[in-house]
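Colleague: Chain by chain, the residues:
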Amino acid sequence: MKFAVLRFPGSNCDQDCFHALRDDMGLETEYVWHKTESLDGFDAIVIPGGFSYGDYLRTGAIARFSPVMRAVQRDAEAGKLVIGVCNGFQILCESGLLPGALIRNRSLRFVCEEVAVRVETSDSPFTNQCPTGTVLRIPVAHGEGCFYADDDTLRDLETHRQVLVRYVNARTGAPAVGANPNGSRSDIAGVCNRTRNVFGLMPHPDRACHRRLGSEDGKRIFASMVHALSPQAPAKPKDSAAKTAAGTGGEMNRVSQDAVLNIKQGGDVVGV
Amino acid sequence: MKARVTVMPKQSVLDPQGVAVRDAIHHLGLPAASAVRVGKYLEIELQGDASDRPSLEAKLHTLCRDLLSNPVIEDYRLEWSE
Numbered sequence: 002m003k004f005a006v007l008r009f010p011g012s013n014c015d016q017d018c019f020h021a022l023r024d025d026m027g028l029e030t031e032y033v034w035h036k037t038e039s040l041d042g043f044d045a046i047v048i049p050g051g052f053s054y055g056d057y058l059r060t061g062a063i064a065r066f067s068p069v070m071r072a073v074q075r076d077a078e079a080g081k082l083v084i085g086v087c088n089g090f091q092i093l094c095e096s097g098l099l100p101g102a103l104i105r106n107r108s109l110r111f112v113c114e115e116v117a118v119r120v121e122t123s124d125s126p127f128t129n130q131c132p133t134g135t136v137l138r139i140p141v142a143h144g145e146g147c148f149y150a151d152d153d154t155l156r157d158l159e160t161h162r163q164v165l166v167r168y169v170n171a172r173t174g175a176p177a178v179g180a181n182p183n184g185s186r187s188d189i190a191g192v193c194n195r196t197r198n199v200f201g202l203m204p205h206p207d208r209a210c211h212r213r214l215g216s217e218d219g220k221r222i223f224a225s226m227v228h229a230l231s232p233q234a235p236a237k238p239k240d241s242a243a244k245t246a247a248g249t250g251g252e253m254n255r256v257s258q259d260a261v262l263n264i265k266q267g268g269d270v271v272g273v
Numbered sequence: 004m005k006a007r008v009t010v011m012p013k014q015s016v017l018d019p020q021g022v023a024v025r026d027a028i029h030h031l032g033l034p035a036a037s038a039v040r041v042g043k044y045l046e047i048e049l050q051g052d053a054s055d056r057p058s059l060e061a062k063l064h065t066l067c068r069d070l071l072s073n074p075v076i077e078d079y080r081l082e083w084s085e
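Read top to bottom, the protein sequences are chains A and B. Convert by adding 1 to the 1-based position in the first sequence; the result is the number in our numbering. Convert by adding 3 to the 1-based position in the second sequence; the result is the number in our numbering.
Since the hints were derived computationally from the structure, they do not count as laboratory data. As the structure is a prediction and not an experimental result, all values here were calculated from the model. Be aware that a few hints might be false.
As the list claims (entries may be wrong) - Pulled from the structure, derived: some chain B residues nowhere near chain A, Cβ distances all over 10 Å:
{"hint": "1", "residue": "29"}
{"hint": "2", "residue": "35"}
{"hint": "3", "residue": "36"}
{"hint": "4", "residue": "43"}
{"hint": "5", "residue": "50"}
{"hint": "6", "residue": "53"}
{"hint": "7", "residue": "56"}
{"hint": "8", "residue": "60"}
{"hint": "9", "residue": "78"}
Claimed, not checked - List time: in silico SDA-like cross-link candidates among lysine to any residue, alpha-carbon distance up to 25 Å:
{"hint": "10", "chain 1": "B", "residue 1": "43", "chain 2": "A", "residue 2": "144"}
{"hint": "11", "chain 1": "B", "residue 1": "13", "chain 2": "A", "residue 2": "55"}
{"hint": "12", "chain 1": "B", "residue 1": "13", "chain 2": "A", "residue 2": "110"}
{"hint": "13", "chain 1": "B", "residue 1": "13", "chain 2": "A", "residue 2": "144"}
{"hint": "14", "chain 1": "B", "residue 1": "13", "chain 2": "A", "residue 2": "108"}
{"hint": "15", "chain 1": "B", "residue 1": "62", "chain 2": "A", "residue 2": "58"}
{"hint": "16", "chain 1": "B", "residue 1": "43", "chain 2": "A", "residue 2": "57"}
{"hint": "17", "chain 1": "B", "residue 1": "43", "chain 2": "A", "residue 2": "58"}
{"hint": "18", "chain 1": "A", "residue 1": "3", "chain 2": "A", "residue 2": "75"}
{"hint": "19", "chain 1": "B", "residue 1": "5", "chain 2": "A", "residue 2": "63"}
{"hint": "20", "chain 1": "B", "residue 1": "43", "chain 2": "A", "residue 2": "3"}
{"hint": "21", "chain 1": "B", "residue 1": "13", "chain 2": "A", "residue 2": "75"}
{"hint": "22", "chain 1": "B", "residue 1": "13", "chain 2": "A", "residue 2": "97"}
{"hint": "23", "chain 1": "B", "residue 1": "13", "chain 2": "A", "residue 2": "155"}
{"hint": "24", "chain 1": "B", "residue 1": "62", "chain 2": "A", "residue 2": "97"}
Quick reminder that beta carbons are idealized off the backbone N, C-alpha and C, glycines included.
Same shape as in the complex, but just chain B (with noise of 0.2 Å):
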């Protein structure tokens, strides 16, 4: 099974990638597109079924806080697949 990581900047972090793709959207012709916000996503390949997730989630909760994101400057979301 395959836990999903996405990271992203925290919404007060001002995210100047974002910036400049949502710029290079503009001049790509949809003007539309009123912000961009630029983050991470991981998946990680783990062993196990489903009857293992819980206690794999709360290893991998510290894991998101301690290694894949930030706390002061980033927010995370974890989901599984398959």
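One chain only, chain A, in its complex shape (with noise of 0.2 Å):
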């Protein structure tokens, strides 16, 4: 299983993913830079936060037109996993590949904290290993992190359960007033696409994978992907999903590269 990490000029949260997926995760890893035209031979492709192109017109305008999101545009229609994460969720917005925009916070202030996000179902390859209602720590750290969508992409989103992860306050685990960190509609944090196989998230997952930076929530966001490519995977990930990540309790964070081999491109399980 092997993950590309895409770089693109302004790019600054590269090597945390890169670090992340590698050491903290186990997982075979390579940064790609954003010329390349291919991204055959990966199987999950991560979109790493940071300020690319100087965040020039918009966030993620002009990223969008590298010759690498042309491959990703392609993987991701194919049913490749996706994962844009800050700067990267905004690229995927900009690009069309998921609903909505990302415009300035409310509060006009670049927010650098903690936040509580509630993960709103486990049924996506993103969520399979934490239960529906598991609140993760996790950092953010954006300018233009504020969700927005029209009323009928909103209550489409509710509708197809592409929320997956909701800012919420960190004790009760409900939203509530000064939890969301940039005025996002809905409270949103992250959503992914209708075929589930794109996500992207304002938080950084890649800044909670170990003890040392306070929380290891973000595991458990590339535990689940990891599942969703491993051959024991169940073909209906949504019946089984809940149960297994309840079942797997502190297990989920050993994730090893031995469990999850013979993974065919394109995330279809072959024979072990």
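Combine both chains into one complex, guided by the hints.
Modeller: This is how it looks when you write it as structure tokens:
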């Protein structure tokens, strides 16, 4: 199983993602420069945070036209897992792979703090190791993370359960005044596409993968991806995902490469 | 000749920058300013003459939609000068 970490001019969390995936998760990980035109051979694509192209025009607006994004588009349509963190989320929205847009924080301030997000459904390749309702502590660091979508789109997102994480109060696990760091609509912290293989979120799971960083909750997002890509992943993740997550308890952080070999490109599972 | 593109946040989208600027205007003694919205203005120099405008305009509209504005949150206006 091989993860790609894309690098654009101005990416600055590429090393965070690389370190989290390779060193904390034990996954085979490679950097991919934005001029690359193919992502063949990778099972999952990570678009890291940063300020691609200096955030000129709008965040993610120019990165979206990089050659590698054509490959991302193609592979996403074929079902490959794509996760965009922070600026990666902004790029995915700009490229139309995810609905909505990310605009200036309501406070006009850059926020850099740990937040609590609630997993709204474990039914996704990115949250199958987090039972619905799990509260994750993950840091945010952004000036333009206010998720915006019009009313129809918001309704659509709720209907199809595409809101995967929402800002909540860390203690109560419920949305609350002051819990949302950027003023996003419906307290949305991250959404996936309709086919559930593309996920974008403002919080940085890559910065919450080691005890020393104060939280290891980010691992559960990456572990979910590994689980989804693994041969033992159930054919219908919807039915058994929550059960599996609940059952594995503390073991979910111990992900090794051994368990996840023999994955055909595109996420199809072949015999071990 | 020159194409002028104005990009503005949609009316339905909150513009906190505009609110902050409006408040500053109030502090500077113009309480009559009831609302401010902050957008972008771009000038694009183009080779050719007026006869080229129709073909250029089609391309420019595509660019305005794909690159210069984000239709989810912004509207744009395209005008010509000179």
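Colleague: Verify that the Cβ of residue 78(B) lies farther than 10 Å from every Cβ atom of chain A, and report whether the claim holds or is violated.
Modeller: 13 Å, holds
Colleague: If we take the beta carbon of residue 43(B), is the closest beta carbon in chain A still more than 10 Å away?
Modeller: 8 Å, violated
Colleague: Does the alpha-carbon distance linking residue 13(B) and residue 155(A) stay inside the 25 Å limit?
Modeller: Roughly 17 Å between the alpha carbons, so the hint for residue 13(B) and residue 155(A) holds.
Colleague: Are all beta-carbon distances from residue 29(B) to chain A longer than 10 Å?
Modeller: 16 Å, holds
Colleague: Closest CB-CB distance from residue 56(B) to chain A, is it above 10 Å?
Modeller: 24 Å, holds
Colleague: Given the hint that residue 43(B) pairs with residue 57(A), test it: the Cα-Cα distance must not exceed 25 Å.
Modeller: The hint holds at about 12 Å.
Colleague: Mind checking the alpha carbons of residue 43(B) and residue 144(A) for me, to see if they're no more than 25 Å apart?
Modeller: Roughly 18 Å separates the two Cα atoms, so the pair holds.
Colleague: Between the alpha carbons of residue 13(B) and residue 144(A), is the straight-line distance 25 Å or under?
Modeller: 20 Å, holds
Colleague: Below or equal to 25 Å on CA atoms is what counts here, so check residue 13(B) against residue 110(A).
Modeller: 21 Å, holds
Colleague: Mind verifying the non-interface call on residue 50(B)? Its CB should be farther than 10 Å from each CB in chain A.
Modeller: The claim holds: residue 50(B) sits with its nearest Cβ about 23 Å from chain A, beyond 10 Å.
Colleague: Compare the distance between the alpha carbons of residue 43(B) and residue 58(A) with 25 Å, and conclude whether the hinted pair is satisfied.
Modeller: 9 Å, holds
Colleague: Is the straight-line distance between the alpha-carbon of residue 13(B) and that of residue 97(A) 25 Å or less?
Modeller: Roughly 18 Å between the alpha carbons, so the hint for residue 13(B) and residue 97(A) holds.
This entry does not satisfy hints 4, 20 and 21, going by the numbered hints stated previously.
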